[in-house]
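Number of protein chains: 2
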Amino acid sequence: MSLTQEKVNQAVEILKEQKTDMWLTFVRETSGVRDPALDFLIGAADLTWHSALILTSTGEKIAIIGNLEKDGIQRMNVFDEVLGYDKSIRNLLRDTITRLNPQQIAVNTSRDNVHADGLTHAMYESLKEYLEGTPYADRLVSAEPVINAMRGRKTPVEQARIRKAIEITEEIFQKTFAFIKVGMTEITVANYMHNLMKEYSVGFAWPEENNPAVNSGPNSPVGHNGPTEIKIERGHIIHFDFGIKYEEYCSDIQRVAYVLRENETEAPIEVQRGFLTVRTAIEQSRKAMKAGAIGNHIDTISREVITDSGYPEYPYALGHQLGRVAHDGGALLGPLWEKYGDSPNQKLEIDQVYTIEPGLAVPNYGYIGLEEDVFITSKGAEYFFEPQKEIILIKG
Amino acid sequence: MSLTQEKVNQAVEILKEQKTDMWLTFVRETSGVRDPALDFLIGAADLTWHSALILTSTGEKIAIIGNLEKDGIQRMNVFDEVLGYDKSIRNLLRDTITRLNPQQIAVNTSRDNVHADGLTHAMYESLKEYLEGTPYADRLVSAEPVINAMRGRKTPVEQARIRKAIEITEEIFQKTFAFIKVGMTEITVANYMHNLMKEYSVGFAWPEENNPAVNSGPNSPVGHNGPTEIKIERGHIIHFDFGIKYEEYCSDIQRVAYVLRENETEAPIEVQRGFLTVRTAIEQSRKAMKAGAIGNHIDTISREVITDSGYPEYPYALGHQLGRVAHDGGALLGPLWEKYGDSPNQKLEIDQVYTIEPGLAVPNYGYIGLEEDVFITSKGAEYFFEPQKEIILIKG
Chain Y
66 MSLTQEKVNQ AVEILKEQKT DMWLTFVRET SGVRDPALDF LIGAADLTWH
116 SALILTSTGE KIAIIGNLEK DGIQRMNVFD EVLGYDKSIR NLLRDTITRL
166 NPQQIAVNTS RDNVHADGLT HAMYESLKEY LEGTPYADRL VSAEPVINAM
216 RGRKTPVEQA RIRKAIEITE EIFQKTFAFI KVGMTEITVA NYMHNLMKEY
266 SVGFAWPEEN NPAVNSGPNS PVGHNGPTEI KIERGHIIHF DFGIKYEEYC
316 SDIQRVAYVL RENETEAPIE VQRGFLTVRT AIEQSRKAMK AGAIGNHIDT
366 ISREVITDSG YPEYPYALGH QLGRVAHDGG ALLGPLWEKY GDSPNQKLEI
416 DQVYTIEPGL AVPNYGYIGL EEDVFITSKG AEYFFEPQKE IILIKG
Chain F
66 MSLTQEKVNQ AVEILKEQKT DMWLTFVRET SGVRDPALDF LIGAADLTWH
116 SALILTSTGE KIAIIGNLEK DGIQRMNVFD EVLGYDKSIR NLLRDTITRL
166 NPQQIAVNTS RDNVHADGLT HAMYESLKEY LEGTPYADRL VSAEPVINAM
216 RGRKTPVEQA RIRKAIEITE EIFQKTFAFI KVGMTEITVA NYMHNLMKEY
266 SVGFAWPEEN NPAVNSGPNS PVGHNGPTEI KIERGHIIHF DFGIKYEEYC
316 SDIQRVAYVL RENETEAPIE VQRGFLTVRT AIEQSRKAMK AGAIGNHIDT
366 ISREVITDSG YPEYPYALGH QLGRVAHDGG ALLGPLWEKY GDSPNQKLEI
416 DQVYTIEPGL AVPNYGYIGL EEDVFITSKG AEYFFEPQKE IILIKG
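Protein sequences appear in the order of chains Y and F. What the first sequence shows, in my numbering, is residues 66 to 461, in sequence order. What the second sequence shows, in my numbering, is residues 66 to 461, in sequence order.
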């Protein structure tokens with residue numbers, strides 16, 4: 066069974082579980098604006114003309130697409146019915162929905178999860194117009210719960226790909242730590258990592274301009290920024306934020322090193338204290354993570370470890386789900402800030418994959434941010450890989 | 066000046082010309098759903114949190130984005146003002162719009178052009194809510210005319226990139242024609258072309274599953290389909306539809322070959338007649354193309370050449386604009402079918418780039434489709450490259 070077939074079957078089960086009659090993904094010219102749900106429904110392929118991909122809780126799988134794209138979609142063996150048209154989807158779509166007579170039609174619109182928000186405003190208006198005069202125009206609901214569950218619950222194949230992405234990321238980190246010398250710029254280090262990515266034939270979990278982030282010392286701008294011409298010096302903390310994509314699934318990991326001064330054999334006490342604080346925040350959060358826990362509560366645990374230690378709180382969420390993209394949407398380990406919407410109020414589920422990534426600045430030395438990737442089992446959250454437990458010491 | 070700076074300056078001029086006060090691109094988590102306008106505003110970069118990119122007809126260029134992404138955007142030197150926030154964009158966006166006091170706010174929503182339709186329904190609703198209680202909530206208009214003009218009018222840098230993409234495409238075609246032997250499958254031929262693409266370090270103008278399309282003989286499914294295990298035989302027409310991406314700009318070209326039977330020195334007369342009909346349709350269309358012409362009229366010229374010769378009309382548009390994507394949106398050389406919306410009614414403009422691609426089937430032999438890429442100058446439409454004037458003969 067292909068991964069697409071596996072995820073579509075999973076979606077049908079989720080529709081049953083959520084008692085939602087129909088999920089409709091309504092798109093066009095997806096090379097221009099691509100609904101993120103398509104990755105699960107048709108893989109990397111694109112659809113040119115107005116297309117409707119319909120799944121129902123009774124197991125129907127129907128694609129309504131332009132005739133010239135019928136053969137390609139049929140060959141995927143995902144949809145049992147592939148209906149084609151030449152000039153307008155209007156009647157075929159209306160008739161198909163009328164035949165299925167759903168009580169709810171879940172469409173891809175969501176304030177809280179961008180990955181459930183592929184329906185553009187103009188396409189929403191078109192759909193309403195196509196359904197005018199039927200009872201179905203008023204039965205549109207958000208597909209966010211369906212998509213959250215489907216994206217969140219990683220199948221064994223998906224988990225294996227993420228694990229492999231993380232393993233490769235760790236190997237690249239180890240080689241990079243051995244490569245670093247005092248006087249190199251952040252850009253030199255990032256280029257070295259890019260070359261290793263080519264050797265491993267892996268892609269970027271987010272655009273290469275900011276991937277990896279390499280921050281050396283206290284003056285390097287932290288955040289979603291690319292590496293700069295700043296040079297690595299003794300006494301610098303070096304912070305990395307790096308993620309790759311292996312067979313369409315991502316890793317997302319932060320690591321921290323310290324460049325020893327001439328007479329040092331360990332990092333200064335304030336650097337060690339910062340590191341331990343972040344490490345403690347991660348471990349305490351991870352221990353509290355289990356199916357049914359609320360994302361916001363996990364964020365609070367970590368945030369309080371940081372602020373109780375006298376550091377300012379980090380201006381972002383503790384962690385996000387990880388999957389086909391680095392920020393995979395759905396339940397978030399986050400504070401209740403408006404920009405995060407309702408996602409921090411959602412519950413953790415088995416088979417979800419999260420990052421845990423608190424951070425703090427150590428004045429005069431640099432930024433400490435660690436990021437570990439974990440998956441939720443019936444026993445709680447497990448690391449995919451050995452987490453960073455000690456600051457990496459670079460002799461320069 | 067970077068291409069992004071060049072295109073943003075062009076957009077400001079277009080706002081003046083169209084007497085539109087403000088163009089607002091409103092996005093979030095663009096790794097999940099990416100507004101196509103971003104390519105012109107921030108290149109390949111992504112924005113994580115709710116972000117507003119504002120251009121005005123008086124030349125203001127303002128970005129309102131999450132604080133962690135300020136440095137990256139500032140370094141692009143595209144926006145004169147980069148305003149950052151931590152928790153919510155609401156007040157900063159509202160205050161900035163109030164300060165600028167626009168009579169119209171063009172937002173990225175469009176029934177007719179997907180590339181002007183990056184605003185999702187939920188983001189549209191958010192924006193309306195943020196502006197509630199101000200006069201601006203009712204001043205939203207479609208940015209389609211702005212985006213059509215900006216995407217359509219290719220700068221010299223953009224035209225040069227397209228020209229280079231086309232040149233590489235033609236070289237790959239020539240090598241492929243020399244490679245083909247009777248008994249090879251369509252997939253073998255496509256793989257050979259993929260390997261050449263790697264040698265040239267170019268990307269795909271559309272997904273590789275269907276790129277190139279290779280159709281050998283009368284039984285190969287034509288349309289947006291990938292190559293199959295069908296074997297090349299003597300007496301087959303072989304049809305190719307192939308496009309690459311060079312420095313983010315695309316080619317899109319169709320070519321046709323014929324595999325000679327043992328005793329043949331030229332293609333059968335019905336194959337030649339089909340070829341000449343398509344070639345004539347292209348040339349007559351091209352001659353009619355000039356600034357101010359209506360796309361639909363051009364489509365009709367070609368369509369009538371085909372149907373007047375007794376072939377059925379092709380079930381797609383004659384040609385589309387070409388740019389950062391193969392189907393670049395805006396004015397279309399197309400019939401007035403509902404799925405094409407208003408785009409066939411639009412006028413051609415100088416510096417636009419179009420494909421011309423009629424086609425027809427020759428019973429028992431296969432499909433003849435030619436596709437040439439042209440650009441509009443003050444003198445009319447010019448080919449980027451020598452068009453295919455004779456059917457390519459393959460000795461097998």
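Please note that a few of the clues may not be correct.
Identical chains share a label here; the pair holds if one copy fits it or two copies do between them.
What the hints assert, rightly or not - DSSO-like cross-link-like pairs, simulated, lysine-lysine; straight-line CA separation at most 27 angstroms:
#, residue 1, residue 2
1, K135, K296
2, K246, K412
3, K246, K84
4, K152, K412
5, K310, K152
6, K193, K152
7, K81, K263
8, K193, K81
9, K352, K240
10, K404, K135
11, K152, K404
12, K460, K229
13, K404, K126
14, K296, K84
15, K454, K126
16, K263, K296
17, K355, K81
18, K460, K152
19, K412, K263
20, K84, K412
21, K126, K246
22, K135, K310
23, K135, K355
24, K460, K404
25, K460, K296
26, K135, K193
27, K454, K193
28, K81, K454
Bear in mind the hints are in silico, worked out from the structure with no lab data behind them.
So, going through the hints one by one against the coordinates:
no., hint, result
1, K135 to K296, "between (55 angstroms within a copy, 22 angstroms between copies)"
2, K246 to K412, "neither (44 angstroms within a copy, 59 angstroms between copies)"
3, K246 to K84, "neither (59 angstroms within a copy, 56 angstroms between copies)"
4, K152 to K412, "between (45 angstroms within a copy, 22 angstroms between copies)"
5, K310 to K152, "neither (39 angstroms within a copy, 29 angstroms between copies)"
6, K193 to K152, "within (19 angstroms within a copy, 34 angstroms between copies)"
7, K81 to K263, "neither (43 angstroms within a copy, 45 angstroms between copies)"
8, K193 to K81, "within (25 angstroms within a copy, 34 angstroms between copies)"
9, K352 to K240, "neither (30 angstroms within a copy, 60 angstroms between copies)"
10, K404 to K135, "between (40 angstroms within a copy, 16 angstroms between copies)"
11, K152 to K404, "between (41 angstroms within a copy, 6 angstroms between copies)"
12, K460 to K229, "neither (30 angstroms within a copy, 48 angstroms between copies)"
13, K404 to K126, "between (35 angstroms within a copy, 23 angstroms between copies)"
14, K296 to K84, "neither (57 angstroms within a copy, 48 angstroms between copies)"
15, K454 to K126, "neither (48 angstroms within a copy, 45 angstroms between copies)"
16, K263 to K296, "within (24 angstroms within a copy, 35 angstroms between copies)"
17, K355 to K81, "within (24 angstroms within a copy, 56 angstroms between copies)"
18, K460 to K152, "neither (68 angstroms within a copy, 40 angstroms between copies)"
19, K412 to K263, "neither (38 angstroms within a copy, 45 angstroms between copies)"
20, K84 to K412, "within (19 angstroms within a copy, 49 angstroms between copies)"
21, K126 to K246, "neither (57 angstroms within a copy, 41 angstroms between copies)"
22, K135 to K310, "between (30 angstroms within a copy, 25 angstroms between copies)"
23, K135 to K355, "neither (43 angstroms within a copy, 35 angstroms between copies)"
24, K460 to K404, "neither (42 angstroms within a copy, 64 angstroms between copies)"
25, K460 to K296, "within (15 angstroms within a copy, 62 angstroms between copies)"
26, K135 to K193, "within (25 angstroms within a copy, 38 angstroms between copies)"
27, K454 to K193, "neither (54 angstroms within a copy, 47 angstroms between copies)"
28, K81 to K454, "neither (43 angstroms within a copy, 58 angstroms between copies)"
In this structure, the earlier hints numbered 2, 3, 5, 7, 9, 12, 14, 15, 18, 19, 21, 23, 24, 27 and 28 are contradicted, and the remaining ones agree with it.
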